[in-house]
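Residue 1441, in my numbering, is where the sequence shown stops; the numbers in between run on with no holes.
Source of the hints: derived by calculation from the structure; they are not laboratory data. Take these hints with a grain of salt, some might be off.
If you anchor each label on the Cβ, the simulated ranges turn out as follows [said to hold, decoys possible]:
(1) P1184 x Q1277: 44 to 54 Å
(2) M1367 x Y1291: 26 to 36 Å
(3) I1376 x G1438: 15 to 25 Å
(4) W1302 x L1440: 14 to 24 Å
In this text, all values refer to a predicted model and were calculated from it rather than measured experimentally. Here a beta-carbon is modelled for each residue, glycine too, at the ideal position from N, C-alpha and C.
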Amino acid sequence: MDQAPGSPQEPQGAPSLPTCYRHPDRETGIRCTRCERPICPECMVNASVGFQCPECVREGSGTGHAPGASQPRTLAGGTVTSDPRLVTKILVGLNLAVYLVQLSMGDRFTDSFDLIGRAFVPILGDVQGVAEGQWYRMVTAMFLHGSYIHIAFNMLSLWWIGGPLEAALGRARYLALYVTSGLAGSALTYLIAEPNQPSLGASGAIFGLFGATAVLMRRLNYDMRPVIALLVINLIFTFGWSNIAWEAHIGGLVGGVLIGYAMVHAPRERRALIQYGACALVLLAVVVMTLIRTGQLT
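Please put together the full structure from these sequences, using the hints given.
Take a look at the structure:
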């Protein structure tokens, strides 16, 4: 880390402070007077002598807040849960279920819910698209896939990237990131792609998770080479293969980086406001792009 000229340098090899057992990113010199685990200021509870951790207070061994007054929090301020991959499991299951419906009902179902700007769809016998008022297509297209390889690759990426990210952000923030990034990808596709070019897949939302993961790893000073390498490989596929909606990938990636930065860097005092405010700003951009393109096509 850069220092101002003349500022004292920390001696090499100086011992670092322990980190809070509930917030591994926070150093602290305070320990629970009963169990001696390191606790940060957000976790410590006033006791008759010194401070205690929330677990010791819940056991009735100290004085201070009521048992439910202090809940474990993730890095981004979300609630720590017993199953940190629950939302990811639900999203994977939902995508797989929709794909099974696609296989059973055929192209008519897919063409009714994929993302298309404005075009005549022969199998439906009419002009279809977002510009025709079918705005739901921007959401439904996020859960459709075009082949076994398409859904397999996306679901493996979702499981590998989504689980750790959900654990770091918490369920509500993770879901907000996923949905908003997916909509950002849909909106950029609608704005730029040819109006008769259909698009479908969870790639926009997954690229948003990639972007947020990169921000998170940078925040924690982790080795970013693995995620950067994986992102580069995905971008090579994005621009190197035909029939891939690169607009959805780029839109989701940009949305994910912006929201991810707000999620992990927001100050604790105004954390929720900044985090969900960033989601709202990206959604506003989605609405603006959608209205602009609709005006162009109608």
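Consistency of beta-carbon spacing, Y1291 to M1367, with hint 26 to 36 Å: Since the Cβ atoms of M1367 and Y1291 sit about 32 Å apart, the hinted range of 26 to 36 Å holds.
Between I1376 and G1438, does the beta-carbon spacing fit 15 to 25 Å? 37 Å, violated
How does the Cβ-Cβ distance of W1302 and L1440 compare with 14 to 24 Å: does it lie in that range? Violated, since W1302 and L1440 (Cβ atoms, about 37 Å apart) do not stay within the stated range.
Range agreement (Cβ of Q1277 with Cβ of P1184, hint 44 to 54 Å): Check passed, 51 Å falls within 44 to 54 Å.
Comparing the model with each earlier hint shows violations of hints 3, 4; every other hint is respected.
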